[in-house]
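Spelled out, the chains give:
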Amino acid sequence: MTGRGAPPDPAKPAAPGVHPKPLWSVRPASDREAGDAIVSNFLLHWFPAKALKASLDWNYSMWLGTVSAALLLLLVLSGMPLLFLYIPSVERAYASVKDIEYVVTFGSWMRSVHRIAAHLMVAVVFLHLARVFLTGAYKNGTGRGQRREWNWVIGVGMLLLTLFLSFTGYLLPWDQLAYWAVTVGTNIASSIPFAGPKIRELLLGGRAIDQPTLIRFYVLHVIALPGLLGVLFVYHMWRIRKDGGLARADREALSGERREVPPVKTKTYTLLGIASGTSPAIRATTLEAPDATVNSVPDLTRRAAIVVLGTIAVLSILSVFIRSPLEEPANPLVTPNPAKAPWYFLWLQEIVTDTTVHIGSFTINGAFLGGVILPGLLVLLLTVWPWIDRSPAAAAGAWFATSRRTQNLVFIALALAVVLLTLVGLLCRGPYWNFYWPWEQWPEIPARI
Amino acid sequence: MEQRTDSPYPGRDRPVLAVIGVALVVSTVLFIRSDRARDFRYYQYEFRRQVAEKLGADKAGAVPSGIQQVWVPGLRRADRCVTCHQAVQWKGFESAEEPWRTHPDGPLRSHPVEKFGCTSCHGGQGWAVDTDEAHGQVAHWEEPLLGRNLGESYTLADDKAALMQMNCNVCHRYDRETAGAGAINTGKRLVQEKGCRACHVINGRGGTIGPDLTFVGDKAPEQYDYGRLYGQKTSFAWHVAHFKDPRALVAETVMPNFHLTTKEAQGLAMLVLSWRRASVPAEYVHGAPRTDPQTAEEAQAERQMRTGPGAWFVKTGCFVCHSISALGVKSPAQIGPDLSVAVEDVQARFGRTVDDFLNAPTGTMAVVLSRQIILDPEQKAEAVRMLREAFAAHQRQKEEERGRTPNASQGKH
Numbered sequence: 001m002t003g004r005g006a007p008p009d010p011a012k013p014a015a016p017g018v019h020p021k022p023l024w025s026v027r028p029a030s031d032r033e034a035g036d037a038i039v040s041n042f043l044l045h046w047f048p049a050k051a052l053k054a055s056l057d058w059n060y061s062m063w064l065g066t067v068s069a070a071l072l073l074l075l076v077l078s079g080m081p082l083l084f085l086y087i088p089s090v091e092r093a094y095a096s097v098k099d100i101e102y103v104v105t106f107g108s109w110m111r112s113v114h115r116i117a118a119h120l121m122v123a124v125v126f127l128h129l130a131r132v133f134l135t136g137a138y139k140n141g142t143g144r145g146q147r148r149e150w151n152w153v154i155g156v157g158m159l160l161l162t163l164f165l166s167f168t169g170y171l172l173p174w175d176q177l178a179y180w181a182v183t184v185g186t187n188i189a190s191s192i193p194f195a196g197p198k199i200r201e202l203l204l205g206g207r208a209i210d211q212p213t214l215i216r217f218y219v220l221h222v223i224a225l226p227g228l229l230g231v232l233f234v235y236h237m238w239r240i241r242k243d244g245g246l247a248r249a250d251r252e253a254l255s256g257e258r259r260e261v262p263p264v265k266t267k268t269y270t271l272l273g274i275a276s277g278t279s280p281a282i283r284a285t286t287l288e289a290p291d292a293t294v295n296s297v298p299d300l301t302r303r304a305a306i307v308v309l310g311t312i313a314v315l316s317i318l319s320v321f322i323r324s325p326l327e328e329p330a331n332p333l334v335t336p337n338p339a340k341a342p343w344y345f346l347w348l349q350e351i352v353t354d355t356t357v358h359i360g361s362f363t364i365n366g367a368f369l370g371g372v373i374l375p376g377l378l379v380l381l382l383t384v385w386p387w388i389d390r391s392p393a394a395a396a397g398a399w400f401a402t403s404r405r406t407q408n409l410v411f412i413a414l415a416l417a418v419v420l421l422t423l424v425g426l427l428c429r430g431p432y433w434n435f436y437w438p439w440e441q442w443p444e445i446p447a448r449i
Numbered sequence: 001m002e003q004r005t006d007s008p009y010p011g012r013d014r015p016v017l018a019v020i021g022v023a024l025v026v027s028t029v030l031f032i033r034s035d036r037a038r039d040f041r042y043y044q045y046e047f048r049r050q051v052a053e054k055l056g057a058d059k060a061g062a063v064p065s066g067i068q069q070v071w072v073p074g075l076r077r078a079d080r081c082v083t084c085h086q087a088v089q090w091k092g093f094e095s096a097e098e099p100w101r102t103h104p105d106g107p108l109r110s111h112p113v114e115k116f117g118c119t120s121c122h123g124g125q126g127w128a129v130d131t132d133e134a135h136g137q138v139a140h141w142e143e144p145l146l147g148r149n150l151g152e153s154y155t156l157a158d159d160k161a162a163l164m165q166m167n168c169n170v171c172h173r174y175d176r177e178t179a180g181a182g183a184i185n186t187g188k189r190l191v192q193e194k195g196c197r198a199c200h201v202i203n204g205r206g207g208t209i210g211p212d213l214t215f216v217g218d219k220a221p222e223q224y225d226y227g228r229l230y231g232q233k234t235s236f237a238w239h240v241a242h243f244k245d246p247r248a249l250v251a252e253t254v255m256p257n258f259h260l261t262t263k264e265a266q267g268l269a270m271l272v273l274s275w276r277r278a279s280v281p282a283e284y285v286h287g288a289p290r291t292d293p294q295t296a297e298e299a300q301a302e303r304q305m306r307t308g309p310g311a312w313f314v315k316t317g318c319f320v321c322h323s324i325s326a327l328g329v330k331s332p333a334q335i336g337p338d339l340s341v342a343v344e345d346v347q348a349r350f351g352r353t354v355d356d357f358l359n360a361p362t363g364t365m366a367v368v369l370s371r372q373i374i375l376d377p378e379q380k381a382e383a384v385r386m387l388r389e390a391f392a393a394h395q396r397q398k399e400e401e402r403g404r405t406p407n408a409s410q411g412k413h
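Protein sequence lines correspond, in order, to chains D and B.
First residue of the first sequence? That's 1 in my numbering, and the numbers climb one at a time after it.
First residue of the second sequence? That's 1 in my numbering, and the numbers climb one at a time after it.
Treat the hints loosely; a few may be bogus.
What the hints assert, rightly or not - Here are the simulated DSS-like cross-link-like pairs (lysine-lysine), alpha carbons at most 25 Å apart as the crow flies:
1. B:K244 / B:K160
2. B:K219 / B:K233
3. B:K233 / D:K340
4. D:K340 / B:K219
5. B:K219 / B:K263
6. B:K244 / B:K263
Hints were generated in silico from the structure; no laboratory data involved.
Predicted model, so just to flag it, every value in this text is computed and none were measured.
Chain B extracted, bound-state conformation (with noise of 0.2 Å):
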């Protein structure tokens, strides 16, 4: 017999390894199972089940398993939704509970799933295929499904489901209208009636008065100043307030508030918010237009405007809150009184003359040329000499007015 050394060891530290073995064991069961327990396999089996009782057994045989994906390289997308979503494209699921429920056929004739994926309509996490992590209601993802939950939350006029249409708009931004998106085409009308060009450029155009807003869709959420907003604190709750009441928000603010419904508010916020830079390869963007340009009348009027007797007010930018109706201006916001009896007017109501009130400004006006119009001595003397001008143009005018129809303007006096 050779020798032999006792331990104390395997006593004591082969039970230990026993339960480490033990450990092992239920560690690779929970790792496992954490892997296949995926919400997933039960729409997969429900949708079967539905398909196998209306469609029956054949049909319900070509419903595939695990994750189905679109793959979209174009738009660098893989969207998964399909693995739950199963019925996006079977006929008679119609009214059936998402996640079994067929898409409705119209915008897919246009938009086929298989060019354009889901989420570069619908927003959410297409890579997931996890419930909440899919329809991007966790953090860390920065564009939740824009669905009609998301819409209820903020008690959206209207159509509950509009927020959707921020993503039409990343490709049909040029779009005067786009079939289908009421909300933004509201706020496109709101763009052009209200003039927002005045103080905004916006597809490369406009003044300068306010910020750029061709991109300011992606302007980050921290960005803005939550300070005096109420409820969400989101950059789209946040445009909503804004666009109520300017001032409200930013106190500083010269923007003037438009008066603008809840309805219409919501609009420009989901439109300024789908200005975005987006890559979007040219063959999606087919017959939608790729620049944002006047129409023939507006051309027109805007050169007359720069052009004409009333071009220095333009120019200066006056024009922006006051019309000088006599020299052929009209002011897009029209918050101040008309220019062309400012003369008469600024006695009537200070009690000054314009120079005495040009060189010390009371009011609004104190706070504008301070900030967005400075004007030097020799800008001042020319503003006056404008105004008068223009007064004058305005008294002949209306001197030419009284001569043409003499019975109308006698009968007000």
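Excised from the complex, chain D in its bound form (with noise of 0.2 Å):
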């Protein structure tokens, strides 16, 4: 099945570079048709027009990027209409929220996808992180000029953008849980030496959760994280094309023995572009034999869309059984007992709670030990960690590589450690941050009437 539309005028001149055909194949009858259809569509122009099957494994990647990027998608489709729908003021934000909530249509379901979606980011793209650390995929192979390290330090970034976008949207409905929220976190940020007050201030537009802060975190959260995470998406695509693909594709070139490739007598597409002419009987890598690639339409990109529509239709099915909750108005003279960080920042309020000491009448706040030293150094090690990784070339895009395998049980160790501190913040932290097992009751929280 070729595309469809008017055949190209042979009368007139194709512009150049400017492909004639209007639409692509997704069967396409020959490689040239195939590598066609990549060159000529707007949206597949990133891809190159063979795949590596050893890249396209399941195993390998686990397309967790793929999946955090379909995330990503959901959150700015599903982002669009509640732009429409929310007001960033004080005293209309959590009724225009109710109103989503309960009568605009499909409104509880499109906020669910939001919410779901934001949270499901954050935890696929750590777990994008892990395996591209487990893997060595940010070591650079068999390639001149690649720099793999510099698209770990842009992916650092995006995680960082991922939990920062979530932070602000925490606050926009305007609730209790918004509010003790980011009063947790931007304490935390205060008890910085010197800068924190005026960190805080910073962030919240004046000394007191109100309005300025609202329309900060507003602004940040539909305007300026999103344009950046953009900018840094792009910039990570397009390296991952000048690095040569995914690192696993180096670690076939390196591993694979050469063997004879017959002549082949036409254009081919390779990785590296478009060659003309016959090529001569060489003596190729595993990479270039034939059977090592396919057409990356329609296997790629077939491979693509299960993953995104999967990811779609998983997040869709979710949001009709999981409601978004809202708590009751924000009200600075009440706090919520116990008042929680969001869970992936728990780990961190439970180190904060751990490391405050009371000696007789005095308390040593861990807020600077566990919220800013803390994740600190783990983010600027995770940052430079590529440099100061020295194991072989042959350990890129292979999970746990023997030769790396003391820092990868460290970052398993370390994963773990945050996993665990998560969990018991989530699950085991009740009133006044004492320790409750998950099946035991909480203290009877009592209402007005």
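Join the two chains into one complex using the hints; note that each chain is given alone, in its own frame.
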């Protein structure tokens, strides 16, 4: 099935660089048509014409980056209608969210899609980062000019942006959950010596969480941070192409033995672009063997569709059954007990409370250690890790490479510690931050009447 | 024939894609269904049927469908209760089952629904259109429907629907009496009779021994101590129990037990919980008093106490518990003995002089004089002097009385 539409008029010369076919083929009859499908399509132009089978493997990348991108797409799509419905004002924000929840057609479902996608995105982006670490995928392999370490740095930046996007979105409903989660978060920021109070004031637009805070968080949430994330996302994808695809490709190139490849008569499409003429019989790496790759259209695009549409389907079904909570309207005079940060910051809140020491009537606040120093160090370590990692290039793109065993174990241990602390904060902390097992009943929360 | 690379993927991936296609269709059906299937569709269908049956098909055609609301910008309310309670303003459904019942005419005449909405009186969550959410019986909604069910859960004395009067009193708080708000009126009468203002500031006026109660209704439920309260853990339950026996809930309190009946305690609890900050636009409260002034007699009596010969006892706070009848001071609570005879009385009860007792008090006075009323030695001397004066006045009055009615006093002995 080739692209439909009027056949190109042979009398007219083709515009340079413009493909005459209006649509792309989903079932190309030849490699040339498959290549055309990529070149002629705006949405697909960032894909290579041919994709390495090893890179398409479900078990290698688990497609976590694509899932993250699909979630980002869902967040943008569900965020658009919310932009029209939500009113960023202290007086009206809460009521506008109630309206979205109760009377806007599909409003409750849309808000749930947005919320669940946001929560999942934090988790999936972190898992993607863990996958890249554990496969050593930030390492350069065989190609000249590869700069995978910088793509890793961008990735760390995108994780931080994802967290900050989620955190800024937290405030917008202007309910108790929002107000106090942001109180906890910004109070931790204010524990930075000297600059802390100023940073908090900058974030809040004053010394209390009020309208200036709401409008700051709103603009950050809907314009500044998504814009920045979009730019980084595009650069992230571009770098993958410039670095020669996934690190898995380098591993194939390094590990495979050279073998005879039969001469190819026509124009060929390789990872590096289009080469015309007849290729001589050469001793090529496995990478260039004809059975190592498939046409990106339709094999890569089909898998991408599976992942993106699958993510959308799962999110859509989850959002029917999991409704988004909205607590009481924000009340600066009443602190919910316990006041918890968003779940992805709970490990920090847990560390803050665990490092807060009471000696007699003196209190040494753990906010600076647990809320600033420790996460700061971890982010710094993550960022510079590709330069610290001295393992050989052969470790790139391999799960649990033996030459990287120690660093992988340390990473897993740290990740598990973070997960464990998060779970403790999430499930085992009750009123006054006291410890309760998940099956233990909390003291009854009183009502007004 | 141009070259075409073989691929192992279509056979495996196409079925997966097909499954996902099916999942997408299912999810679309699910979310559309979940948005369309709402309780109110049944209630509207049933109401239209009842109207057709009673008033004919023409009238039934006039019953609106879909989400309905009463939007009251002045009170910042969008009450969607009328989505299900469609009969509110229809005549002829007075005996129908809820939610198809006509609203009683009386309250609506003075409080038209277009101007006041529904939730400003009834409570509940006006934004919601599903039963539990709308009636506020869900987490994170602090103003449940103040209806009969809730009243029954508190076993209210007499009128089970009385809780709604708390909302009446948000606008009517300065009325001495509000028509139709019996429980609240009971509470207001008790506030005057028991002299709550001796210890508490209410509406900006009163003593400072107890906490200011002007906006006590805004106090968060978490701020009460439920350690000694059995049963429901709510602010309302706390206040009822506290009014019945303050010391049972707060061991160290000096608030006296007024031995109130359940009905009185419930009325007072409703009254104090209705004392909330409420920004009601002026147009809503025209005709209702905007402040809580004393009547001329009340002001006169208070002036006399404050400026008369017993002024010192009023200023110092003794009068909260003790009358000093010889000096014209009447205690609102009257928990302690009349201080007019303290000079004699202390001697008789404790075998000590008044000076001695004030320097080293025992019992309740030990608590009061160490916490509520702290006197320095000079003030103690002043107290003794004033007590002697009161006793002298008392004896003078007795003499005079004896002189006026010699027979009567002789008859006693």
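Checklist entry - Taking only the CA atoms, is the gap from K340 of chain D to K219 of chain B under or equal to 25 Å? => result Given that 25 Å is the threshold and the Cα spacing comes to 22 Å, the pair holds.
Checklist entry - Is K244 of chain B within 25 Å of K160 of chain B, Cα to Cα? => result Holds: K244 of chain B and K160 of chain B sit about 19 Å apart, inside 25 Å.
Next on the checklist: Does K340 of chain D sit within 25 Å of K233 of chain B, going by the straight-line distance between their CA atoms?
Outcome noted: 23 Å, holds
Next on the checklist: Holds or violated: K244 of chain B and K263 of chain B, Cα atoms, limit 25 Å.
Outcome noted: 10 Å, holds
Checklist entry - Does the alpha-carbon distance linking K219 of chain B and K263 of chain B stay inside the 25 Å limit? => result 23 Å, holds
Checklist entry - Straight-line Cα separation of K219 of chain B and K233 of chain B no greater than 25 Å? => result Holds: K219 of chain B and K233 of chain B sit about 14 Å apart, inside 25 Å.
Comparing the model with each earlier hint shows no violations; every hint is respected.
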